[in-house]
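K.L.:
Residue strings, one per chain:
There are 4 protein chains.
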Amino acid sequence: MPKGTPSHWVTGVSEISESDIFIRGYAMNELVGTVPFSAITYLLIRGELPTPGQARMMDVILSSILDYGLQKSGTVAARAVVSVNPVMTAGLGAAVLAAGEYALSPEDTGRFIAETFAKWQASGKSKEEAATALVSELRAAKKRVPGFGHQVFRYVDPRSQRLKALAKEQGVWGEAIEWYEAVHKAFQDATNKPELVLNDVGMLAAIMVQMGFTPQEMCGLALLSTMPGLIAHVSEELQSGVRNRLIPDSHVEYETPRRDLAGELTKLGWR
Amino acid sequence: MPKGTPSHWVTGVSEISESDIFIRGYAMNELVGTVPFSAITYLLIRGELPTPGQARMMDVILSSILDYGLQKSGTVAARAVVSVNPVMTAGLGAAVLAAGEYALSPEDTGRFIAETFAKWQASGKSKEEAATALVSELRAAKKRVPGFGHQVFRYVDPRSQRLKALAKEQGVWGEAIEWYEAVHKAFQDATNKPELVLNDVGMLAAIMVQMGFTPQEMCGLALLSTMPGLIAHVSEELQSGVRNRLIPDSHVEYETPRRDLAGELTKLGWR
Amino acid sequence: MPKGTPSHWVTGVSEISESDIFIRGYAMNELVGTVPFSAITYLLIRGELPTPGQARMMDVILSSILDYGLQKSGTVAARAVVSVNPVMTAGLGAAVLAAGEYALSPEDTGRFIAETFAKWQASGKSKEEAATALVSELRAAKKRVPGFGHQVFRYVDPRSQRLKALAKEQGVWGEAIEWYEAVHKAFQDATNKPELVLNDVGMLAAIMVQMGFTPQEMCGLALLSTMPGLIAHVSEELQSGVRNRLIPDSHVEYETPRRDLAGELTKLGWR
Amino acid sequence: MPKGTPSHWVTGVSEISESDIFIRGYAMNELVGTVPFSAITYLLIRGELPTPGQARMMDVILSSILDYGLQKSGTVAARAVVSVNPVMTAGLGAAVLAAGEYALSPEDTGRFIAETFAKWQASGKSKEEAATALVSELRAAKKRVPGFGHQVFRYVDPRSQRLKALAKEQGVWGEAIEWYEAVHKAFQDATNKPELVLNDVGMLAAIMVQMGFTPQEMCGLALLSTMPGLIAHVSEELQSGVRNRLIPDSHVEYETPRRDLAGELTKLGWR
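Protein chains in written order, with the working numbering: chain Y, 1174 to 1444; chain R, 1174 to 1444; chain V, 1174 to 1444; chain Z, 1174 to 1444.
Be aware that one or more of the hints could be misleading.
Where chains are identical, the list cannot tell them apart; a pair therefore holds if satisfied intra-copy or between any two copies.
To be verified - Derived BS3-like pairs: lysine-lysine, alpha-carbon spacing no greater than 30 Å straight-line:
| hint | residue 1 | residue 2 |
| --- | --- | --- |
| 1 | 1292 | 1315 |
| 2 | 1316 | 1176 |
| 3 | 1292 | 1316 |
| 4 | 1315 | 1176 |
| 5 | 1440 | 1341 |
| 6 | 1337 | 1440 |
| 7 | 1316 | 1366 |
In short, the hints are calculated from the structure, not lab data.
Chain Y on its own, in the form it takes in the complex (with noise of 0.2 Å):
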């Protein structure tokens, strides 16, 4: 099959062999034990393996979204699901889904701190010039910055400074979040609100473009996050025997009001 072309396939995740499964190259039956999922799940995606400090990085990642309960569309899509179709893929299925504009997407984060870090690499500039600039350009444009502000925390936000010294800490820190830190104080600045936190979904998405993760995979990661509690729910709700969850009547306001079929369709030409 030539190159390129939809039935020719090229990969360098993994390859199977009759005496083991290789991962990235490295004997699967080595792997497992050694070193622990979160290492492997970075190797898996970003085809290395990681240092020590970029494993415990990573498990903190795969723990920094989890579950939002009953609060999040997901969780409400995949038990409406098993509700009528009692199938735990089914209902992973549907959560899966339930992730992009408006939630569980560091992916757009992430996009911005990429692009723009990207552009001031190949700019020339001051780091601290360019962000001004940068930040003028999108106030200009009434364009918002993703992973500024916070509904409770002012001034600092702690979750986010907790991540930075662990990401300091486990020598995963970098230009590319130190980028991110410049264009929040070029806005805190231009804006005169010195309040306005770096939140933690703005600091986590920096620390994983540092690491290397594309937009993509950010999302794939947050999905990753959240699938212990979106098989726990599942489970829950198998185990609850309700059957055919629905909106009660008491919630829905029906727009439409009673009509006449055979008038109408009279009127349309169709007797």
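Put chains R, V and Z on the given structure of chain Y with help from the hints.
P.N.:
Same frame as chain Y, now just chains R, V and Z:
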């Protein structure tokens, strides 16, 4: 590729040439506009063009489920999904998974009819004798017969009657349906419940067995019937501007009390 | 529940009473059998009963995509899924997700037509003047116009011509389609390419804009059109007995060489 | 809302307050970084914090399946989907559906072990006696026992041995696993096949039964284990630039000959 292996594919559904697409052997350009969508649906699934009567019956099958609004779990799942991921495919993907054991499953009824019909035909017994024997057997095993009974209708389900009249009129009436009616009669007699109706789901499944559809195809047709309603609901949700559908706290009973992490970790030997 | 909040629902699609289901206000028992599935599809999505002509156009829209067999990624995904999880819903769920940027997306063309049409109508300019200006603008921005061009057809796409004739015949012709034709004419003139056709996808999208469908609804209708073929393929796969569809090694290029775990772990500081 | 109805929800998984999210009663801010992802996974699904040993076993369970590359139908489905709809959620959604009867189903083995273990415990018989009776019964009914046998390994499956050693070391060994080993011994004896191994899937399922997971949860955990590989494959596919994955004609056998529409329509009474 050798036959029957995971990378050897056999299909009779359609084939693409430079100039046209061949649907079950017929040029698509000739088909579309010549026969209605319901006829092409029958052709694609059954492999043969229907008679005009079969096509009319098919149209009624496609119109048989349609939409139960927010009383259906699939609608709830679809709207929950697009409230965070505002994309038509994601909403339809979730909804399609909400068909199974407790909803949208003419499949089970179809399987019952198809299997018992085949067994009767192989048995050499008279229809009445076989139906009576089957009912005894089912009652001894405390199994229910799918498609019998209704919350409101007694003695006669007007919807089944309409379907029956239509099936006769359109020439799709036959032995499989009569077999199922015989089982119904035997069940009424054995339980002494003449008021127990053969409901519309039962009659529809019997007609689909008669037309040659497999149980899995019936599930597919049921989902196809709900597609217009699902498109309407997803579109309505996308236009509503509501984000992050959730279950309000007033409807949720939280079972787990707050717990002390440090104490528990010590007890379990983490510290 | 207050309006517009995540647990307050508003719908005009359908409502269930004790005695019947009301589809956009019409009793389902009266609808089914009285008007065809294509008319009910229009009613559910657009909210109003169609004229007989609109219903006939709708039937052609439902028949417009159908099936590309194993040349379509959605078919491959569906059959791969049911080769390990032999369930109709799972196969359809996967297939429905295989519509988007590169396939089954009248959505983009529809969005282009709807948006530029609205802008023209608000502009007060003549159709030709506005179309010429739009084309200049698009060419300056190096943007392509969706729905123009075809691999085989030159000067005329016979399928578009048939759709155009039908739309006129059934009374669904109108200004939105004429606007799109004017853009096509302006594009041919500006590029001096009179052989560049307005293709069938373009004409179909224009007709759907004219009929009042939103771009997202067009994506839904495209998927609906493929459902009979998908049911046929999933059913065929389920009956084939083939398990575990995979890509044969002869079609895969494995990029990662075998690697030494122990050495790498030492180097990275794990040991 | 009355209990047990479709709009009354009960959950013990997690609860959101103004200040924090409570995971099974524990404050998320205290949990994350204190115990690893594998421990939180156990907590979310089982409802209780694990011991350090249970958490280590959990990490091995999460690492047990990982990735079979393009030899797995789920990978093929995911990559096919994103080749036309280049979105991470869509790819993962399709892949999650590709677990069931013929792949990724520790569920069946888990169900067998859990059900027969419970029956034995209620029986009052000795383990050996009960195991021998069960094997006779299964053989008479010509049922297979899931989790026995391997294509390559004879007498001993080194992977099961490692899992067994680890389970003992981490303190998760127990009666359910011993019951399953007794069934294995009885099966070897009854069939006189001492070379028939208890394979890794069997041992893993037994360990998960011992740890208290339900069969459906095992399916969820198997899928969770494959998520890193799926993210890697979807990302690789998105970066490959290949569009519209399809099955090349050289691999497809088309069964339906070209047919004459006009003649057939006349014959069927359409004309």
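K.L.:
Please go over all the hints and tell whether each is borne out by the structure.
P.N.:
Do the hints match the structure? See the list:
no.: 1; hint: 1292 to 1315; result: both (20 Å within a copy, 22 Å between copies)
no.: 2; hint: 1316 to 1176; result: between (41 Å within a copy, 28 Å between copies)
no.: 3; hint: 1292 to 1316; result: both (17 Å within a copy, 23 Å between copies)
no.: 4; hint: 1315 to 1176; result: between (44 Å within a copy, 28 Å between copies)
no.: 5; hint: 1440 to 1341; result: between (73 Å within a copy, 21 Å between copies)
no.: 6; hint: 1337 to 1440; result: between (69 Å within a copy, 26 Å between copies)
no.: 7; hint: 1316 to 1366; result: within (16 Å within a copy, 39 Å between copies)
The earlier numbered hints are all upheld by this structure, with none contradicted.
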